[in-house]
Amino acid sequence: MLGADAMVKCLEEEGVNYVFGYPGVAICPFYNSILSSHINTILIRTEQNAAHAASGLARVTGRVGVCAVTSGPGATNVITGIATAFADSIPLVCITGQVNSALLGSDVFQEADITGAVESFVKYSYLIKDAEEIPRIFKEAFYIANSGRKGPVLIDVPIDVQNTSVSKFKYPQEVSMRTYKPTIKGHSVQIKKVVKELSKAKRPIICAGGGVLLSDAEKELRAFAEKYRVPVVSTMMGIGVMPTQHPMYYGMVGNNGHPYANRAMNESDLLIMVGARVADRAVSQPDLITENKILVHIDVDPAEIGKNVGPTIPLVGDAKHIIADFMEEDFDCEHEEWITILNGYRDTMGRVRKPDPAYVDPAEFIRMLSEAMDDDAVYVADVGQNQIWSCNYHIVKNGRFLTTGGMGTMGYSIPAAMGAKLADKDRQVVAVCGDGSFQMSMMELATMRQFNIPVKIIVIRNNYLGMVREYQHYTYKDNYSVVDLSGSPDLEKLASAYDMKFMRLCTMQGAQETIGEFLSGNESVLLECIIDPMDLVK
Amino acid sequence: MKKIYSVLVENRSGVLCKVAGLFSRRCFNIDSLAVGETDDPSTSCMTIVSSGDQRTIEQIEKQLNKKLDVIKVKTFDESASISRELMLMKVKYNKGNRREIMEICDVMKAQIVDMSRKTMIIQICDVPEKIKLLMDMMQSISIVEVARTGTLALQKCLETDV
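Protein chains in written order, with our numbering: chain A, 1 to 538; chain B, 1 to 162.
Read the hints as simulated data drawn from the structure, not as lab findings.
Certain hints may be false.
[Said to hold, decoys possible] Per the computed footprint, the stretches of chain B lying under chain A, defined by three or more beta-carbons under 8 Å from a beta-carbon of chain A, are: (1) 11-20; (2) 56-62; (3) 68-79.
[To be verified] Quick list of in silico lysine-lysine cross-link-like pairs, DSSO-like style, CA-CA up to 30 Å: (4) B:Lys66 with A:Lys193; (5) B:Lys2 with A:Lys219; (6) A:Lys196 with B:Lys62; (7) A:Lys181 with B:Lys156; (8) B:Lys72 with B:Lys3; (9) A:Lys129 with B:Lys72; (10) A:Lys139 with B:Lys18; (11) A:Lys185 with B:Lys18; (12) B:Lys2 with B:Lys109; (13) B:Lys2 with A:Lys192; (14) B:Lys72 with A:Lys293; (15) B:Lys74 with A:Lys193; (16) B:Lys2 with A:Lys181; (17) B:Lys62 with A:Lys192; (18) A:Lys181 with B:Lys109; (19) A:Lys181 with B:Lys18; (20) B:Lys72 with A:Lys185; (21) B:Lys74 with A:Lys192.
[What the hints assert, rightly or not] Which chain A residues stay away from chain B? Per the calculated CB distances, all over 12 Å, these: (22) Glu13; (23) Lys129; (24) Glu174; (25) Asn256; (26) Asp301; (27) Pro302; (28) Thr340; (29) Val352; (30) Pro357; (31) Glu371; (32) Ala372; (33) Asp478; (34) Lys493; (35) Leu494; (36) Ser496.
Backbone N, C-alpha and C define an ideal beta-carbon position, used for all residues, glycine too.
Modelling step: build the complete structure from the supplied sequences, incorporating the hints.
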């Protein structure tokens with residue numbers, strides 16, 4: 001058995017079904033060995049998207065997403081995808097080929113110091129120098145990626161290590177690392193403190209972040225909110241922790257969130273942040289969430305607590321375990337008055353839009369689309385104005401809402417939707433992007449065709465980099481700089497080049513029928529929606 | 001506020017770079033950094049002196065603990081530690097100031113460890129303030145070059161120690 005065979009065997013042991021990647025000489029032994037495995041390989045069209053596709057798959061399955069690329073440019077191309085997964089805490093194992101270990105450091109063809117380059121974007125990285133270490137390192141990598149605060153792990157494997165014979169292969173059952181023991185269970189004293197504050201609070205609120213989804217704690221959160229009648233708001237990464245139309249859910253907070261959600265958070269007297277980083281887009285003024293209120297901060301990563309805001313009660317641990325512990329403490333919680341107030345805010349403080357009937361209104365379109373989507377559908381939002389409209393108007397039923405709220409990497413939606421579709425082929429998966437973000441990933445239409453990955457794609461077209469244009473509208477008084485997207489391809493011709501069904505919607509007339517036809521059947525469709533180029537999210 | 005971090009790490013290649021990189025990426029200061037193997041060859045001890053406000057100090061400890069090559073972090077004040085630094089200093093001398101240099105060395109408990117007809121090397125091992133003092137005293141003489149180890153520190157002995 002060669003090192004490369006051992007690598008593939010490790011992936012089999014971990015139950016990996018898909019590897020996204022792009023070969024080159026330095027990773028060829030691995031791609032040769034994988035031919036004799038049941039693991040499917042997906043040839044992505046650019047390495048960055050391999051990481052995004054693995055991210056989409058990881059988010060839907062809860063398992064580690066895997067990508068494998070070659071050395072040098074292959075490895076450096078994947079960095080943006082790794083950084084995206086790191087910012088969003090998505091578990092990935094990223095395998096990179098490397099030049100012969102005897103040549104390391106001599107700047108030979110396609111050599112890049114990838115472990116050095118990704119250091120600040122990975123949870124951990126390995127450079128394997130001894131093929132016998134492969135099983136231990138892979139076991140550790142998968143464990144590290146998908147435990148504690150989840151994130152990407154990179155394994156760099158020189159070609160000679162892949163080609164070395166391994167004397168005996170034994171996949172370890174357990175990981176023993178003296179330096180890594182994530183805290184899962186919350187401290188009972190802290191839990192009691194929170195419960196005490198909850199029973200005293202008049203205006204409690206929970207702000208749920210992506211950590212709740214990563215810890216698979218949606219059910220627990222919902223049960224908790226219902227039992228103790230605690231209202232819930234979410235960050236962008238937390239969208240989907242509760243169905244949008246759940247009576248206890250009050251929308252997304254942040255500078256792009258709902259005004260009523262922000263007001264609810266600011267007026268609370270007890271704020272429980274769970275699995276949220278308190279980063280600038282969700283909480284632009286950290287003092288507002290500590291003023292006149294008790295702040296409880298629950299996170300599995302102790303370094304997040306107190307990083308951006310000092311909480312009254314810090315609570316380190318996994319959201320699922322901690323919420324379950326709250327449920328076991330029986331206490332009374334009485335604040336119907338507060339709920340009535342919040343309901344009033346929700347009913348009266350919605351954004352009022354004045355759409356131009358000559359175009360598709362993205363807000364109304366997204367609302368209609370999500371109502372027509374399957375109950376458990378996966379909606380993948382890209383980055384830009386389309387993302388903010390998606391966050392504000394998409395109605396999550398019992399499905400998932402995926403986007404990159406942490407890094408905000410344009411072009412995320414199509415590859416991530418492909419990963420999500422492969423994770424569960426029976427599930428409806430819709431990627432919604434703008435014409436800018438679409439063009440950052442449109443090469444993947446070929447991958448979709450080649451591997452029959454029927455993702456449904458919507459391009460919200462305004463011929464601008466809309467989010468930047470909107471910023472320039474407000475900040476630079478309409479002095480537009482480098483945001484004009486004219487020159488974009490005819491999407492109908494593009495779809496036909498990839499044998500893809502194409503649809504176009506120019507106004508809201510017939511939107512219902514168009515959406516119905518777009519969603520019907522398990523085939524990929526490209527739907528272009530022409531919106532007002534001057535439309536704003538705010 | 002000044003703090004000393006005594007960081008026990010895995011003795012592997014790249015670990016120093018990861019720890020130093022963490023400080024630069026998060027805009028934490030490093031006043032000094034000293035690294036060496038411990039009694040267990042699989043671990044190294046890094047002594048890092050850093051300064052910052054309360055939040056920064058707390059973040060440094062948390063971020064260090066987050067690194068998967070870090071085994072243990074101890075944070076303490078200078079006053080709670082025994083700290084030493086070693087400095088070697090080459091100075092140019094002449095007949096006129098030779099006596100003065102030797103007197104300063106005597107007072108400062110520094111030693112002259114090497115000499116030529118024009119230069120000498122002074123060695124001092126002391127607390128960082130004394131090192132700075134000696135440097136100030138020698139400033140008027142003629143320093144050729146200086147090498148310092150950075151602070152090494154251990155927490156003071158406590159009755160509760162194992």
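Go through the numbered hints given earlier and state which of them the structure violates, listing their numbers in rising order.
Hint check: 5, 13, 14, 18, 23, 26 and 27 fail, others pass.
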